[in-house]
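Q: Protein sequence lines, in the order shown, are assigned to chains A and B. Residues are numbered in this note's numbering as their position in the first sequence, beginning at 1, plus a constant of 607. Residues are numbered in this note's numbering as their position in the second sequence, beginning at 1, plus a constant of 4.
Rather than coming from a laboratory, the hints here were simulated on the basis of the structure. Wrong hints could be hidden among the right ones.
Stated by the list, open to error - Listed next, the in silico SDA-like pairs over lysine to any residue satisfying Cα-Cα at most 20 angstroms (straight line): (1) B:K46 <-> A:P710; (2) B:K46 <-> B:D205; (3) B:K46 <-> B:A126; (4) B:K46 <-> B:Q199; (5) B:K46 <-> A:A670; (6) B:K46 <-> B:A206; (7) B:K46 <-> A:I616; (8) B:K46 <-> A:N706; (9) B:K46 <-> B:G207; (10) B:K46 <-> B:A61; (11) B:K46 <-> A:Q633; (12) B:K46 <-> B:P200; (13) B:K46 <-> B:S57; (14) B:K46 <-> B:N226; (15) B:K46 <-> A:A712; (16) B:K46 <-> A:N770.
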Amino acid sequence: MIPRHQTVIFVVLLVASIVMGAVLWQLRARAHRRLLAGMDTTPTQAPLVAPSEQATLYFASDAENSLSAEVLSLPLPPSPNARARAILGKLLDLYAMPNAAHPVAGGAASVTQVFLLPVPDGGSAAAASPPGQTNAPAPPTPQMELPSGPQLAVVNLTGAFANGHPSGLETETLTILSICATLHANMPRIAQVRFLVDGQPRATLAGHADLTRTYLTADAIPTEGTHP
Amino acid sequence: MTLAAAAASIPALSQAPPAPATRFVVVLDAAHGGDDPGAILKEPSGASQPEKSITLALSVHLRSLLAARGISVVTTRESDTAVDPGRRAEIANRANAQACLSLHATQSGTGIHLFSSSLAPAEPARLIPWKTAQAAWVTRSLAFAGVLNSALQHTGMTVTLGRTALPAIDSMACPAVAVEIAPETGPETTSAQTQPVSPSDAGYQARVAQALATAILEWRSNASATEVAQP
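Working from the sequences, and respecting the hints, build out all of it.
A: Here is the structure:
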């Protein structure tokens, strides 16, 4: 015969175990929801407070070896550097879409930063010079106002983007030209563009197009009916 | 650091504007090689072939076509070896060539892509930077691309023209054009073929090589007819 007090203790412990199990189950479900909420993989998080503005994007087409302009409405941040990055992010997002006319994987996350600097003295003369020969000033902070005049955009791409870019003269050239043309169309003061990959100079994008050069944006904008 | 790389950092002594050529020399630059495979092209069969093999095969084919017509040919590589872009330009510049072709292949786009240097044309000078040596030759390179375009289109191929920044071409002191072969889906593709013709297809390469050889012959006859001095 089991004593009564032992039966009571057993029942109490059993109930306590069931309650604790239920509480743990709830905590686990709550933690799981919190984890999923933190794993938002959207390439670009649109600035909620920024109003939508019209931006001109130059899309490349591999089949036609050409660039064509398209105006889209995008929420753009006020800071010039962030604005340039958001525009390029949208461009690369669309290149990462299935059935893109110029398919390139990576999306908006491929552009790590865009820095805008005043063009060094000798502007166009330095355009074709190798790295190290132009004395570019230190990158300004986002709050720093750039002096009026032409600007140099330094686009820092990720290594994953460069390594995953399709290899070929045409496709690499079109990627570079569409970036240059898009930057100039939306920020006309950008006269030159340089590229870095993971913060470092890189010889070519994917084995062909030269990434050590300074590109003139005026050369990237296609005239009507012509190829870049 | 190679000599070419060292020269890239300083204004290099380019070859002085040469005297009118007495010998017509063509430089064929088969892109990539060695540990640089270039693009990996997938064939319809599912197999894949590196760009370096296709460019070498095309270079060998074109060289024999040109040699058979009495044209001197200098190649930047004859086997699967790595050649630095600066070394390629050095070979071309030493050859004092009247035409330089950089051969490429890709899976992107269609037809034949012809690219000239995107450097702005410049007046010939005694001292020119190594990295922009092509600037003095851009005008003639564009004319050469026009001749290539006509010959390729004459065979029914789809051709697109463009400008690019290609390190090897930008340092060449000769009329230089990069030829990139992409899958063919144009009129030459027969209706029985459902897949585009891959650049690795021997027949496709032979037709491209034949058209390029025809264009180079025309370029030679134009050069001798007009006796245009090189810049």
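Q: It remains to establish, for every hint, whether it holds in the given structure.
A: Outcome of the hint check:
1. B:K46 <-> A:P710: 16 angstroms, holds
2. B:K46 <-> B:D205: 11 angstroms, holds
3. B:K46 <-> B:A126: 40 angstroms, violated
4. B:K46 <-> B:Q199: 12 angstroms, holds
5. B:K46 <-> A:A670: 18 angstroms, holds
6. B:K46 <-> B:A206: Holds. K46 of chain B to A206 of chain B sits at ~15 angstroms (cutoff 20 angstroms).
7. B:K46 <-> A:I616: With a Cα-Cα distance of about 73 angstroms, the restraint between K46 of chain B and I616 of chain A is violated, given a limit of 20 angstroms.
8. B:K46 <-> A:N706: With a Cα-Cα distance of about 18 angstroms, the restraint between K46 of chain B and N706 of chain A holds, given a limit of 20 angstroms.
9. B:K46 <-> B:G207: Holds. K46 of chain B to G207 of chain B sits at ~17 angstroms (cutoff 20 angstroms).
10. B:K46 <-> B:A61: With a Cα-Cα distance of about 17 angstroms, the restraint between K46 of chain B and A61 of chain B holds, given a limit of 20 angstroms.
11. B:K46 <-> A:Q633: Given pair K46 of chain B, Q633 of chain A is violated - Cα atoms ~52 angstroms apart, limit 20 angstroms.
12. B:K46 <-> B:P200: 11 angstroms, holds
13. B:K46 <-> B:S57: With a Cα-Cα distance of about 13 angstroms, the restraint between K46 of chain B and S57 of chain B holds, given a limit of 20 angstroms.
14. B:K46 <-> B:N226: 39 angstroms, violated
15. B:K46 <-> A:A712: The given pair, whose Cα atoms are some 18 angstroms apart, holds under the 20 angstroms limit.
16. B:K46 <-> A:N770: It holds: about 18 angstroms lies between the C-alpha atoms, which stays within 20 angstroms.
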